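Chains A and B, in that order, give the protein sequences. When you line the first sequence up against our numbering, it's residues 6 to 457, in that order. When you line the second sequence up against our numbering, it's residues 4 to 484, in that order.
Source of the hints: derived by calculation from the structure; they are not laboratory data. In this text, all values refer to a predicted model and were calculated from it rather than measured experimentally. Treat the hints with care, as some may be off.
Claimed, not checked - No farther apart than 27 Å at their CA atoms in a straight line, the calculated lysine-lysine pairs in the DSSO-like style are these:
no., chain 1, residue 1, chain 2, residue 2
1, B, Lys-60, A, Lys-379
2, B, Lys-18, A, Lys-410
3, A, Lys-410, B, Lys-60
4, B, Lys-365, B, Lys-7
5, A, Lys-367, B, Lys-184
6, B, Lys-378, A, Lys-64
7, A, Lys-96, B, Lys-18
8, A, Lys-409, B, Lys-482
9, B, Lys-365, A, Lys-15
10, A, Lys-64, B, Lys-60
11, B, Lys-184, A, Lys-64
12, A, Lys-407, B, Lys-60
13, A, Lys-325, A, Lys-224
14, B, Lys-174, B, Lys-361
15, B, Lys-60, A, Lys-96
16, A, Lys-36, B, Lys-174
17, A, Lys-379, A, Lys-367
18, A, Lys-64, B, Lys-481
19, B, Lys-60, A, Lys-36
20, B, Lys-184, B, Lys-18
21, B, Lys-60, B, Lys-361
22, B, Lys-174, A, Lys-96
23, B, Lys-481, A, Lys-36
24, A, Lys-64, B, Lys-263
25, A, Lys-36, B, Lys-7
26, A, Lys-352, A, Lys-174
27, A, Lys-36, B, Lys-482
28, B, Lys-184, B, Lys-265
29, A, Lys-152, A, Lys-320
30, A, Lys-367, B, Lys-7
31, A, Lys-367, A, Lys-224
32, A, Lys-36, B, Lys-18
To be verified - Heads up, incomplete: computed chain B residues facing chain A, CB under 8 Å, no partners named:
no., residue
33, Pro-177
34, Arg-178
35, Glu-366
36, Ser-369
37, Leu-391
Beta carbons are placed, not taken as given, at the ideal position from N, Cα and C, and that holds for glycine.
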Amino acid sequence: MQIIIVGCGKVGTALAVQLSQEDNNVTVVDKDSTVIRNITSMYDVMGIVGNGASYGTLKEADIEHADLLIAVSRSDELNLLCCVIAHQAAKCHTIARVRNSVYREEREFIRRELGLSMIINPEFAAAQEMARLLRFPTAIEIDSFSKGRIEMLRFKVPPASRLVGMQLKDVSGPRNDLLICVAERNGEVVIPDGNYRIDANDSLSLLATPKTASGFFRKIGVKTNQVHSTMIVGGGETTYYLAAILLRMGIHVTIIEKNRERCEVLSEHLQDATIICGDGSDQELLKEENLENMESFVACTDMDEENIILSLYAKDKVSKKVVTKINHLNFNDVIHSLNLDSLVYPKYITAETILQYVRAMKNSMGSNVETLYKLMDDRVEALEFIIRENCPLQNITLESMKTKKNVLVACINRRGRIIIPGGQDSFRAGDSVIVVTTHTGLENIEDILDEK
Amino acid sequence: MNRKMLRYVISWVLKVEGILMFLPALTGAIYRERQGLAYVLCGLLCIGVGFLLCWRKPENMEIYPRDGFVAVALSWVVLSVFGCLPFMVTGEIPSFIDALFEIVSGFTTTGSSILVDVEAVSYASLFWRSFSHWIGGMGVLVFILAILPAGKGGSLMNLMKAESPGPSVSKFVPRVRGTAKILYQIYIAMTIVLIASLLISGMSLFESLTLSFGAAGTGGFAVLSSGCAEYTAAQQWILTIGMILFGVNFNFYYLVLCRKLKAAVTSREVQAYLLIILAAIAGITVDIYGMYPTLGETVRHAAFQVGSIITTTGYATTDFNLWPQFSKTILLLLMFVGACAGSTGGGIKVSRILILLKTVKKELHSIVHPRSIRKIQFDGHAVEHEVLRAVNVFLTVYMTIFALSLLLVSVDEYSLETNFSAVAATLNNIGPGLDQVGPMSNFSCYSPFSKLVLIFDMLAGRLELFPMLILFYPSTWKKRG
Chain A
6 MQIIIVGCGK VGTALAVQLS QEDNNVTVVD KDSTVIRNIT SMYDVMGIVG
56 NGASYGTLKE ADIEHADLLI AVSRSDELNL LCCVIAHQAA KCHTIARVRN
106 SVYREEREFI RRELGLSMII NPEFAAAQEM ARLLRFPTAI EIDSFSKGRI
156 EMLRFKVPPA SRLVGMQLKD VSGPRNDLLI CVAERNGEVV IPDGNYRIDA
206 NDSLSLLATP KTASGFFRKI GVKTNQVHST MIVGGGETTY YLAAILLRMG
256 IHVTIIEKNR ERCEVLSEHL QDATIICGDG SDQELLKEEN LENMESFVAC
306 TDMDEENIIL SLYAKDKVSK KVVTKINHLN FNDVIHSLNL DSLVYPKYIT
356 AETILQYVRA MKNSMGSNVE TLYKLMDDRV EALEFIIREN CPLQNITLES
406 MKTKKNVLVA CINRRGRIII PGGQDSFRAG DSVIVVTTHT GLENIEDILD
456 EK
Chain B
4 MNRKMLRYVI SWVLKVEGIL MFLPALTGAI YRERQGLAYV LCGLLCIGVG
54 FLLCWRKPEN MEIYPRDGFV AVALSWVVLS VFGCLPFMVT GEIPSFIDAL
104 FEIVSGFTTT GSSILVDVEA VSYASLFWRS FSHWIGGMGV LVFILAILPA
154 GKGGSLMNLM KAESPGPSVS KFVPRVRGTA KILYQIYIAM TIVLIASLLI
204 SGMSLFESLT LSFGAAGTGG FAVLSSGCAE YTAAQQWILT IGMILFGVNF
254 NFYYLVLCRK LKAAVTSREV QAYLLIILAA IAGITVDIYG MYPTLGETVR
304 HAAFQVGSII TTTGYATTDF NLWPQFSKTI LLLLMFVGAC AGSTGGGIKV
354 SRILILLKTV KKELHSIVHP RSIRKIQFDG HAVEHEVLRA VNVFLTVYMT
404 IFALSLLLVS VDEYSLETNF SAVAATLNNI GPGLDQVGPM SNFSCYSPFS
454 KLVLIFDMLA GRLELFPMLI LFYPSTWKKR G
């Protein structure tokens, strides 16, 4: 697919890298020639220096043959203009990043009237993700498939749990509709088989419907209730959206923000929240505001380092959940090794959402990856495929299929019915199939077969 | 440095070279020459060594600029060393230095030969010599990029940048592989057209092939001792036009293919290139008027020689050594100008010269208006500072290498004209020089040491200096830092 990305910041670069790896022809446009030089020398993409909202520049980027334009530059208005021009020039799909909360309420109107395919607000998306984690504090990571019907939850096995010492084959849901498909122990990631013995502090990924999952957690003695109180340090846009969602859920919110004016703006819009004007990195202040009695803590400042330090501090103080926002730090494995509970990367969330749209577009053009998540530092991928009429793998039982090593057919969604497949099951047209694998670059369901 | 990737690239170079060696072997088989066997042997050797070197794709396929330069330079050295083996195995060029000189001259599309009697050489070897021009013209790594199973997150652009000529290398399409494919498609199509035209004009298949390879790669190995003097007027004109077309920036053809004729026609570089050619032909025609029986023949010889020298091919239809000084000087200057960037030709390149002239103009302007600010424009775009710097440094390095080579070669005690033109002809990948290394003579007179210097010049000239220099830069090879 021909894709043009306007704006090469954090999200633009992340998108360019992922999309070019997924075999799309990517052209990036940015005003800064240094940025373009860097990205073109590192990745297989074409770079154009210029203003993305100018028709001339877009023509240079071959807009006539583009299937999709993604505008993720710094300015909302530029992004919108860019998409409008691209849409007028080439009738291609357009995605704009619009982050100003003023446009939040009008987004549907803007999208429809300007002919955009999608508007994404990274702060709002990050806030939604955080809210999801606070609603279900046991999970470190939640990814959803089949439009939310199936969820993949990563959780750490508590030492006191019933699970410790059990073998995977003995772990199952009430109607055999639950599967543990990835396990991480001491930094090593495996796709476990039935003989895998669960140990305390293993980090397991569970695939199930949301309902089954909460039942399962109750059974193994893990509390799944949502938190009742949270403290958020940093009062940016993400915090605003998050607080609004949390307040609606009835969670008590305390926000600590340095800037007095910002505090006033927040208090104007968030009547029910407690807003404290002060330095969140001040230990005394945190104690004064009763951090120890909070159930959860969200480090949401613009400084990644500060967020990490705060979370490390809060980890032992709060009872249920610590969420850390990471804006631009790139040392993922270092951050992971700190055991910070849940991490939220707004740039990856944005990129992920856009990627899902691109994949869906590609599906209509032949490939059939519906959803793709990268788990555990990109070491594992979970993909959702749609089985089409012409798929050669239909009606072959799974046990007679010769699949690659480390490929697990984890779940079949047959018209809303979730099947955790055994050897006797087979694919049928219209199914959506979730595959968990340590291989990368699967594009078709047929790719799960061992080539030899 | 990513040594595994380096090995992987070189192993591919060898495998491709080995496969390509079966073509001269086939030629040998057709002409029933036993020399063909040498090519089968060497081809198998190349493939074998290629497989021994690396049989698995490296996990980390990242190539940083440094790796790209080193990989390209080493690939060309390896390519040359293995490419000269058949000459030694057949016994046609027994000395290693001579054989290396001949094949480096082939791959770098220079066309300087050390063979005294070309016609005594087997068809298989003649084919290999000319075919090496064709391989080297567009570049081996570009070819490999076009066929290589693409790696993930590959920064393969750094390979292409290091091998392709010109002040700033850009892609036609977002993917390196796609760009390499388009380049080779244009190249192959144009070569086939040239071969067909020569065949129609009545040339034998073998000569059509070898001469077309030489013209396409802007190489210049002929298959007759007399060069191209014995061909008919029509054939000489076909070759002239062919050479000039292969000296045009391939971006021009891509634009034409995309029906962006306006952008293609307004390319400053192509305009200047054609203008220089016309002016040179006119100047020489006036100067040598009377040396040949008719005006038509005079223009033909002038045009052929000008086309041959500016595209750095190096074919000759007449001994321009005997021309008056003015014409000889024009040719010598054309040697330095060279073809367009992004073509198969060598030399400094027309675009660099244009940018340099604009820099001079800007400098003059800033003397008149000391506080003026002026960006240099090229084809409607401001030239980036990085490119300007690279062009200036290129010229400095170019002159330094030229001066040092001249000094080293002068030890052999030939005339200044000989030495000067020999270095110019090799560093600019032309082929024949003047005086003792003129079109009707060859480079066999030089000592082995001078030949080594000239081999370096040819490689440096083809790869645009820096990849070869980086091999001699100590911190390239440091494991730490």
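Each hint, compared with the structure:
Straight-line distance between C-alpha atoms of Lys-60 (chain B) and Lys-379 (chain A) comes to about 23 Å, which keeps the hinted pair within the 27 Å bound. For the proposed pair Lys-18 (chain B) and Lys-410 (chain A), the alpha carbon gap of about 31 Å is over 27 Å, so the pair is violated. Taking the CA atoms of Lys-410 (chain A) and Lys-60 (chain B), the gap is about 19 Å. The hint holds against a cut of 27 Å. A threshold of 27 Å between alpha carbons decides the hint, and for Lys-365 (chain B) with Lys-7 (chain B) the separation of about 46 Å lies outside it, so the pair is violated.
Restraint check for Lys-367 (chain A) and Lys-184 (chain B): satisfied, since their Cα atoms lie roughly 24 Å apart, inside the 27 Å limit. For the proposed pair Lys-378 (chain B) and Lys-64 (chain A), the alpha carbon gap of about 24 Å is at most 27 Å, so the pair holds. At most 27 Å may separate the alpha-carbon atoms for a hinted pair to count; Lys-96 (chain A) and Lys-18 (chain B) exceed this at roughly 46 Å. At most 27 Å may separate the alpha-carbon atoms for a hinted pair to count; Lys-409 (chain A) and Lys-482 (chain B) exceed this at roughly 38 Å.
Between Lys-365 (chain B) and Lys-15 (chain A) the alpha-carbon distance is near 38 Å, which puts this suggested pair outside the 27 Å criterion. Restraint check for Lys-64 (chain A) and Lys-60 (chain B): the C-alpha separation of about 38 Å exceeds 27 Å, so the hint is violated. For the suggested pair Lys-184 (chain B) and Lys-64 (chain A), the alpha carbons sit about 23 Å apart, so the restraint of at most 27 Å is met. Distance restraint check for Lys-407 (chain A) and Lys-60 (chain B): the Cα-Cα separation of roughly 24 Å lies within the 27 Å cut-off, and the hinted pair is therefore satisfied.
The suggested pairing of Lys-325 (chain A) with Lys-224 (chain A) holds, with an alpha-carbon distance near 19 Å, which does not exceed 27 Å. Among the hinted pairs, Lys-174 (chain B) with Lys-361 (chain B) is consistent with the structure: their alpha-carbon atoms are about 25 Å apart, no more than 27 Å. Taken as a hint, the Lys-60 (chain B) and Lys-96 (chain A) pair is broken in the structure, with Cα atoms around 41 Å apart against an allowance of 27 Å. Using a Cα cut-off of 27 Å, the hinted pair Lys-36 (chain A) and Lys-174 (chain B) holds, with the two alpha carbons roughly 19 Å apart.
For the given pair, Lys-379 (chain A) sits about 19 Å from Lys-367 (chain A) by alpha-carbon distance, which is consistent with the 27 Å threshold. A C-alpha spacing of about 45 Å is found between Lys-64 (chain A) and Lys-481 (chain B), which places the hinted pair above 27 Å, so the restraint is violated. The hinted pair formed by Lys-60 (chain B) and Lys-36 (chain A) fails the criterion: a straight-line CA distance of about 37 Å is larger than 27 Å. In summary, the hint linking Lys-184 (chain B) to Lys-18 (chain B) is supported, as the alpha carbons are separated by about 19 Å, within the 27 Å threshold.
Distance hint between Lys-60 (chain B) and Lys-361 (chain B) is unfulfilled; the C-alpha atoms sit about 46 Å from each other, more than 27 Å. For the suggested pair Lys-174 (chain B) and Lys-96 (chain A), the alpha carbons sit about 25 Å apart, so the restraint of at most 27 Å is met. A threshold of 27 Å between alpha carbons decides the hint, and for Lys-481 (chain B) with Lys-36 (chain A) the separation of about 36 Å lies outside it, so the pair is violated. Among the hinted pairs, Lys-64 (chain A) with Lys-263 (chain B) is consistent with the structure: their alpha-carbon atoms are about 12 Å apart, no more than 27 Å.
Straight-line distance between C-alpha atoms of Lys-36 (chain A) and Lys-7 (chain B) comes to about 36 Å, which puts the hinted pair past the 27 Å bound. For the hint linking Lys-352 (chain A) to Lys-174 (chain A), the alpha-carbon distance of about 38 Å lies beyond 27 Å, and the restraint is violated. At roughly 36 Å between alpha-carbon atoms, Lys-36 (chain A) and Lys-482 (chain B) are farther apart than 27 Å, so this suggested pair is violated. About 24 Å separates the Cα atoms of Lys-184 (chain B) and Lys-265 (chain B), which keeps this hinted pair within 27 Å; it holds.
Restraint check for Lys-152 (chain A) and Lys-320 (chain A): the C-alpha separation of about 32 Å exceeds 27 Å, so the hint is violated. This hinted pair does not check out: Lys-367 (chain A) and Lys-7 (chain B) have alpha carbons roughly 35 Å apart, beyond 27 Å. Proposed proximity of Lys-367 (chain A) and Lys-224 (chain A) is contradicted: the alpha carbons are some 41 Å apart, above 27 Å. In summary, the hint linking Lys-36 (chain A) to Lys-18 (chain B) is not supported, as the alpha carbons are separated by about 42 Å, beyond the 27 Å threshold.
With 8 Å as the threshold, the beta carbon of Pro-177 (chain B) comes within range of chain A, its nearest partner Cβ sitting at about 4 Å, so the hint holds. Interface restraint check: Arg-178 (chain B) against chain A, minimum CB-CB distance 6 Å, threshold 8 Å, status holds. With a least beta-carbon distance of about 23 Å to chain A, the hint placing Glu-366 (chain B) at the interface is violated under the 8 Å criterion. With 8 Å as the threshold, the beta carbon of Ser-369 (chain B) stays out of range of chain A, its nearest partner Cβ sitting at about 23 Å, so the hint is violated.
The beta carbon of Leu-391 (chain B) comes no nearer than 13 Å to any beta carbon in chain A, farther than 8 Å, and the hint placing it at the interface is violated.
Hint violations for this structure: numbers 2, 4, 7, 8, 9, 10, 15, 18, 19, 21, 23, 25, 26, 27, 29, 30, 31, 32, 35, 36 and 37, all remaining hints satisfied.
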